[in-house]
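Listed below are the residues making up each chain.
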Amino acid sequence: MLQASSTRQIAVTVNAITKIFGEGDNSVVALEDVNLEIKENEFFTLLGPSGCGKTTLLRLIAGFEHPTSGNILLYDQDITFLPPYQRPVNTVFQNYALFPHMTVRQNVSFGLEMLGRAKSEIKETVDSVLNLVRMEELANRRTSEISGGQQQRVALARALAPRPKVLLLDESLSALDYKLRQDMQLELKRLQHETGITFIFVTHDQEEALTMSDRLAVMDEGRVLQVGGPSEIYNYPKERFVAEFIGDSNFLEADVTSVNERLVRIQFYTGKEFEVPAFRDMRVGAHVTVAVRPEQVTLSNSLDAATFTGVIENMVYLGTHTHYIIKLSNGSEFTAHIQNLRGHDRQFEIGGAVGIALDPATIQVLKD
Amino acid sequence: MSEVQVRRKQFAVRKLPGFQSTAVLCFVLLYAPIAALVIYSFNAGTNIALWEGFSLKWYHVAWQNEQVQEVTIRSFIIASVASFSATLLATLAALGTTRTENYRGRTAIYALINQPLMVPEIVTGVALLIFFAIIKTVTGYHGLFYLMLAHTAFCIPFAYLPIRARLEGMDISLETAAQDLYATPWMTFRRITLPLLWPGVLAGAMLAFVISLDDVVITELVKSAGQDTLPTYMLGQLRRGVTPEVNAISSALLGVSILLVSLFYILRNR
Amino acid sequence: MAETENTSSVLAAQSHQVAIEASRRNKIRNFRLLSMPALIVLTIGAAGPLLIMLVYSFLKAAPYGGVVWEPSIDGWFGVFLKKDIFDGTISIATAHLSILWRSVNLSIQSTLLALILGFPTAYFIATRSVQTRNLWLFLITIPFWTNLLIRTFAIMQVIRDQGIINNFLIGWGLIESPIEMLYTDFAIMLGMTYVYLPLMVLPLYASIEKLDFRLVEAAYDLYATRLRVLWRIIIPLVRPGIVAGSILVFVPSLGAYVTPRVLGGGKHLMLGNLIELQFGQGRNWPLGAALSIFLLCVVMGALLIYVRVAQRGTTEHV
Chain A
2 MLQASSTRQI AVTVNAITKI FGEGDNSVVA LEDVNLEIKE NEFFTLLGPS GCGKTTLLRL
62 IAGFEHPTSG NILLYDQDIT FLPPYQRPVN TVFQNYALFP HMTVRQNVSF GLEMLGRAKS
122 EIKETVDSVL NLVRMEELAN RRTSEISGGQ QQRVALARAL APRPKVLLLD ESLSALDYKL
182 RQDMQLELKR LQHETGITFI FVTHDQEEAL TMSDRLAVMD EGRVLQVGGP SEIYNYPKER
242 FVAEFIGDSN FLEADVTSVN ERLVRIQFYT GKEFEVPAFR DMRVGAHVTV AVRPEQVTLS
302 NSLDAATFTG VIENMVYLGT HTHYIIKLSN GSEFTAHIQN LRGHDRQFEI GGAVGIALDP
362 ATIQVLKD
Chain B
2 MSEVQVRRKQ FAVRKLPGFQ STAVLCFVLL YAPIAALVIY SFNAGTNIAL WEGFSLKWYH
62 VAWQNEQVQE VTIRSFIIAS VASFSATLLA TLAALGTTRT ENYRGRTAIY ALINQPLMVP
122 EIVTGVALLI FFAIIKTVTG YHGLFYLMLA HTAFCIPFAY LPIRARLEGM DISLETAAQD
182 LYATPWMTFR RITLPLLWPG VLAGAMLAFV ISLDDVVITE LVKSAGQDTL PTYMLGQLRR
242 GVTPEVNAIS SALLGVSILL VSLFYILRNR
Chain C
28 MAETENTSSV LAAQSHQVAI EASRRNKIRN FRLLSMPALI VLTIGAAGPL LIMLVYSFLK
88 AAPYGGVVWE PSIDGWFGVF LKKDIFDGTI SIATAHLSIL WRSVNLSIQS TLLALILGFP
148 TAYFIATRSV QTRNLWLFLI TIPFWTNLLI RTFAIMQVIR DQGIINNFLI GWGLIESPIE
208 MLYTDFAIML GMTYVYLPLM VLPLYASIEK LDFRLVEAAY DLYATRLRVL WRIIIPLVRP
268 GIVAGSILVF VPSLGAYVTP RVLGGGKHLM LGNLIELQFG QGRNWPLGAA LSIFLLCVVM
328 GALLIYVRVA QRGTTEHV
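Here the protein sequences come in this chain order: A, B and C. Per the working numbering, the very first residue in the first sequence carries number 2; after that it's consecutive. Per the working numbering, the very first residue in the second sequence carries number 2; after that it's consecutive. Per the working numbering, the very first residue in the third sequence carries number 28; after that it's consecutive.
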């Protein structure tokens, strides 16, 4: 699997891109030294909070903006300064940007017309693309006469019709309601599979990113923090921001007590020590932060064996899980999500003492 | 039964005492004089104060009046030329002021475009009178061009405002989307911007036409001898008092204005 | 080796920057050029001549109209003062002052009358349902876009000695001889109110329409009566609209020409007529130019207040 994907060609290379808007005192750094390699036929997601630069990066790839420095390659061609109408790259816009004075069919034909394709070819391609997004019956409707979900499909069809090498999707699902969004997520995966086109998807929704992507890049404040597959990002966040933005995390302080070739030994304030994989240079005595997922801990009433002890401050019953907010003996807060099993209800009570046990495999040491 | 139907007076938050009746009075005052003018234009008698039966006589008289024909044609020629050129210029200016990032001097451009709206007509008229007097002495040309130029100038802001409003209301991502779909800037303009802008352009042209057709003050000051337009002709006729014929002309002109303005609103809301 | 590579990449980055900057500048220049034709026409056909007029106001009047190219401040001198042709004594030009006073006075009166009529009307429109609001607004704007001269004619026929009002009153035996209304200051004031009323209603409507009626509810909840709600809540909140409407009526009233000419019958001049007179029978172009610039300055001052208030209004309510 890993082998197969690594032999794939690189479709888009983002090379040392920096983008600064404005001049002098008013300038804003939107992107800072961003490097990415997006493989052919990959569903790649740019994930981050609003203002992290993900949309700017998308606009640079589409050609609506040009970088302050660095370059962008599409396969082997440098497209950094190519105008958008000369790039074989199409965009599905956040608000769809369907032409209101044209029908569905005219919208979908537009790109092919601009490329100067023959009429018969346009008709054939448009029919097949409309069929692909299941919109053939509404082809002659005005875009104002169809629903939001249908507009979404038309926008998709319009961008797919010219068979771009890369399809860019800018927060394309965010305007849809929850149910429709889930349908469209599956639909997008299907389309990507059937067309074999490289998809670059921008979203701020971590769940959406984890569900849909082959790989994703987590961005914040104009930088790419981590690139990897969904489970890699979830299980091995390298930075605090990543651990915080994707899922929930407890952050704990620890000291390094010994360093091996591959393993380091860390000690928590309670004196408990763990051996964890070392992924970077660490000295004895260094201070580190580790992340622990709330659902990857166990609670027990036996306090002696526990890594930490604390008092339950609050608990929220959520059906499948119960969330416990625990005040640790050093005063900090710890969250645990414990699965509810029938017959094991109400083991713990608010105000009761509780022990928290960690599994060494779930401890993730973060960069400072 | 009647006990159940006891009406309790409801408290209306938005109501204020006397406001509704004042508003109704206001609308009546606004329309009554115009209505009277139109009604009396159909009066058969010569005295415009006494109703002597319905007749189209005065419309006929006005229609037959060669002088009226001449000034009407002149009015329409000037209004056509002025509204066409003002709309063209205003469209270009609106594209130039909305379709790019803010640049220095844009406020100055706005100010210059809206200048005819701010300066009293009498002042502009007098200034043009002086300026054109100089040019007339130098060139010896006394034609209609002066009126056309002046009308074009003061029609520009009226054409510009609806066009700019339309451009600003237009989603810029539509143009971005067109470029993404391989449309060159020119094709983007022709296939996307212009078709979407078109109602605004037409609306601007209508308004400019009405404004030019209705102008009195600047025309009165700028015109050379024998260049009366319909409004200045009517103003000149006033020395003989308001005749039923002037009433008929007024009503006809009123009809044209209302028609064009209604079209303007329909186009603007499209 | 590494160093040369470094400098070359820096150079590349710089030239890259320059290219972006140049294309941006280019784009702005092209867009600026689009506005040029309109600006040229406006400069020739509206703004530029104002400067020539300014020059003319400092020249000497020629006996049969036009000017003699000799510097002189006679034009400006004549705005407020006059020199006796026989003994050369200087006195205040009372005729000009009374015209000026009439202009200001009648403009203020029509502005107030328009406000009294326009405020309830705008409030009425703003409290209609959204669907009917546009129709009412349309009814307000229609007269505004129709010919000012025609509307002045219409008012003239209503207030003439044999007009609708007098005929009506005599017919009912309320009066014996017609009340003289036409060709009075009152006629001018009434006419200006009539023709400029839409200019009062529209900005007032814009303000009232944005009014948050939960504030009105809150005031009633706190025991305010209707009049107090109007005075303490509604009027302060729509003040920018009141100022805008008042200035939009005051400014064209001050420069009015057609309405005083038709309804004042040539006896009751306003500033606009006085200016026109200097280019007609008066044959004193420099005085006319000076009066025009004087009027322009007053109008600009009023508009400046308008802009100030409008800006404060928007920042206050955002």
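Incorrect hints may appear among the rest.
Said to hold, decoys possible - Think about it this way: if two alpha-carbon atoms lie no more than 27 Å apart in a straight line, the pair counts; the simulated DSS-like pairs of lysine-lysine are:
1. K239(A) / K368(A)
2. K87(C) / K137(B)
3. K180(A) / K190(A)
4. K237(C) / K16(B)
5. K237(C) / K110(C)
6. K124(A) / K180(A)
Derived by calculation from the structure, the hints in this document are not laboratory data. No experiment lies behind these values; they were computed from the predicted model shown.
Going through the hints against the structure:
A threshold of 27 Å between alpha carbons decides the hint, and for K239(A) with K368(A) the separation of about 6 Å falls inside it, so the pair holds. At most 27 Å may separate the alpha-carbon atoms for a hinted pair to count; K87(C) and K137(B) meet this at roughly 20 Å. Taking the CA atoms of K180(A) and K190(A), the gap is near 16 Å; set against the 27 Å cutoff, the hint holds. Distance hint between K237(C) and K16(B) is fulfilled; the C-alpha atoms sit about 16 Å from each other, no more than 27 Å.
About 55 Å separates the Cα atoms of K237(C) and K110(C), which puts this hinted pair outside 27 Å; it is violated. Between K124(A) and K180(A) the CA atoms are separated by roughly 32 Å; this puts the pair beyond 27 Å, and the hint is violated.
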